[in-house]
Amino acid sequence: MSSIITFAANNELFRKRKRVYRACETCKKRRKRCTHTFNSDEVEAEASNGSDRTQGTSEIKIETRVKASPIRRGRSNSNEARSRSVSPSHFYGRARPETLFLDQTTGAETVHHECGYWMPGTTHVRSTSRINDTDSAEEKALENYLAVVNVDLLPPQEHLDALIKIYFEYVHPILPIVDATRPGRRKSGKLLSPMLLQTICIIASRHDRAKPHLILQDGGQPLAPRDFAKRLYKSVNAALNAKLERDRVVLIQVLALLSQYVEGTEGAEVASIHLAEAIHHAHTIGMQFGRARDDERAEYFNNFYWCLWCLDRLNTMMNARPVFISDDDSRIDSPLDHEETRHTPFGICLQITVALDHIISYYRPRHDSCTGWEKEFPGFEEMLGDKSADINPSILAFLELFYHSAAIMSHKARPINEPIPATSSFVRQSLSAVRVIQILRDECRHDHPPLPITPWSVSLAMAHAYRVFRQSKIATLRNRAKKDLQVCCDILEQMRRDWWSAGTMADLGRAALKKASGDGELNQTREKSVAREKSVAQEQVTTLPDADMQSETVRSTLNSPILSTSDGVDIATTSTEVPSGGGTLGNNLTAAIGLDPSISPDWLNFDTAFENFDAVLGSSGADVSMELLRPFNFDEFNYYELPK
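Just so you know, we're using full-length UniProt numbering here: the sequence shown kicks off at 1 and counts up by one.
Keep in mind that the hints were calculated from the coordinates and are not lab data.
These numbers come from a predicted model, not from an experiment.
Worth double-checking, as some hints may not be accurate.
To be verified - Here are the in silico distance ranges between beta carbons for each label pair: (1) Lys483 - Lys234: 14 to 24 Å; (2) Leu336 - Asp368: 23 to 33 Å; (3) Lys243 - Asp329: 25 to 35 Å; (4) Ser334 - Ala137: 48 to 58 Å; (5) Arg441 - Thr265: 24 to 34 Å; (6) Asp329 - Glu138: 35 to 45 Å; (7) Lys230 - Asp368: 36 to 46 Å; (8) Gly219 - Pro378: 49 to 59 Å; (9) Phe168 - Asp442: 27 to 37 Å; (10) Ile332 - Asn144: 39 to 49 Å; (11) Lys483 - Gly379: 36 to 46 Å; (12) Asp161 - Pro419: 51 to 61 Å.
Ideal Cβ placement from N, Cα and C applies to all residues, glycine included.
Whole structure, please, built from the sequences with the hints as guidance.
This is the structure we're talking about:
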């Protein structure tokens, strides 16, 4: 016997009726929260695609300008404190078989899309205290671990305010990851994610104006930027591993910002993992399709998705990773379609990233014959439009650095031993490398947005200078490239305190300069030695009495016992009478094979050759295939032959 399930009317008249709310039979069987028999305002406030949910563990009450009492992730004094939270909404694509059954059971809160559904999250009540009434050993261990790593760590309030201000002044205009009108707040506007605050402080700590505010306790001394960021990152990472943040949108914001934090030899890999996880959560809530309902935050979520897209392309070029976001899987309007957004800092950044997305194709497999972007390359002034005067000069300089970084990459990088092709992309690369050096040396040395694009651009310029220095056949170009290499090393050395990657590249550049200087001094010494021996040999020829004396000298030399080496070089082992000045014959032979007994032989001492090897390469080890570590090629030198 079949039965027909009839749901109660979901209209305005029914919702105003006062009755006991009970789930329908279908929702009882599915053990899902029923939305067919009521639709309260409370539910409407909570089911907003994961953007306005209360925090899962502990929360911070702040005012609009974040100036409440010192912000700490306070623990509840009572285990009775409860909070309502909503599990994040999920997007179910039509490729999943269960969506066929959802067609008949979805209610008013389910959002339909041509590619699937957004299913609302379920509400449950839990304690704000990290140790629940169950008092389990696992929760106690977690509590102890979080206390040891100081997961509540945040700067004092005045320093926190300063760091937040720096972030929204220098980072937010370029990448609006955090909602400026409601930065991490819930719908009530009174709750802010402490994890997001910590991440904002990590990013802002690299700015020059942040130096006096890098304090983590009242009365403490400012820390070095990298030390400050390391301590906060340790707390954020512990909170991520403990899954303290239940709001999926806030979690995406945190992970996206952490992708711009690179520290140590494994920093690039960890940053790439953070970005991949952020994109994973964004796809889970269906951000690639935009907001399917009228929402006051629709514009923010649209821009947020394109921020993830920009970070994905940057991660591909900077960390040599495949792209995570495929344009074929997305259906969302681009901010570049709107003229009012196109020439803003975010719009300009997006335009540069679009060009970078095209450049990525040159570095994919099966494109070995490609030399780069040889056709018309977009101009920076075209991207700016007529509103460049409204942009902060520091942000404008940063965007120009980003543009020239893309221009440098538009000429496909080749191994150092391959010749430089005479193409338009190489000319563009050369000009952009010079421009990067000019900006950071002469125009805007400080006050840059604290994003890793800045040290990356200097590293690209330094790599280009090194290539020209090694491969150019023109002496003036080699000297100019050597000076550029020195300038890049100096700039990166100044950034060492803020960026680990800058210090590493500075060490590599110094090593290249030292090797180049050593090669130059050795070549000069060899040339002087050969010239001196030539003059001495000429004097010997002119001072011999006559031909009979020369014949007798040669005959006595040939008749003396000799020791023949495997290389065919005969070295006399007994002394014979030679004319005055003939004692230089041994020196002539020494010079003939490239040695000078008057100079120190330390360059042949292999015991000291690798004395500072580890200091240069760091803990990452050496790649013996690096051109920098290639041994000397003595065949390139012109040896002096003895006169016959």
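Against the structure, the hints:
1. Lys483 - Lys234: 14 to 24 Å: Cβ of Lys483 to Cβ of Lys234: about 41 Å, so the range 14 to 24 Å is violated.
2. Leu336 - Asp368: 23 to 33 Å: Roughly 32 Å apart at Cβ, these two residues keep to the hinted range, so it holds.
3. Lys243 - Asp329: 25 to 35 Å: Given a distance of about 27 Å, which is inside 25 to 35 Å, the answer is holds.
4. Ser334 - Ala137: 48 to 58 Å: For Ala137 against Ser334, whose Cβ atoms are near 52 Å apart, the range 48 to 58 Å holds.
5. Arg441 - Thr265: 24 to 34 Å: Taking Cβ atoms as reference, Arg441 and Thr265 lie about 29 Å apart, which means the hint holds.
6. Asp329 - Glu138: 35 to 45 Å: Taking Cβ atoms as reference, Asp329 and Glu138 lie about 38 Å apart, which means the hint holds.
7. Lys230 - Asp368: 36 to 46 Å: holds, 41 Å
8. Gly219 - Pro378: 49 to 59 Å: holds, 52 Å
9. Phe168 - Asp442: 27 to 37 Å: holds, 29 Å
10. Ile332 - Asn144: 39 to 49 Å: Holds - the Cβ-Cβ distance for Ile332 and Asn144, about 44 Å, lies within 39 to 49 Å.
11. Lys483 - Gly379: 36 to 46 Å: Cβ of Lys483 to Cβ of Gly379: about 28 Å, so the range 36 to 46 Å is violated.
12. Asp161 - Pro419: 51 to 61 Å: Distance hint for Asp161, Pro419 holds at roughly 56 Å.
Consistency with the previously given hints fails for numbers 1, 11, ordered from lowest to highest.
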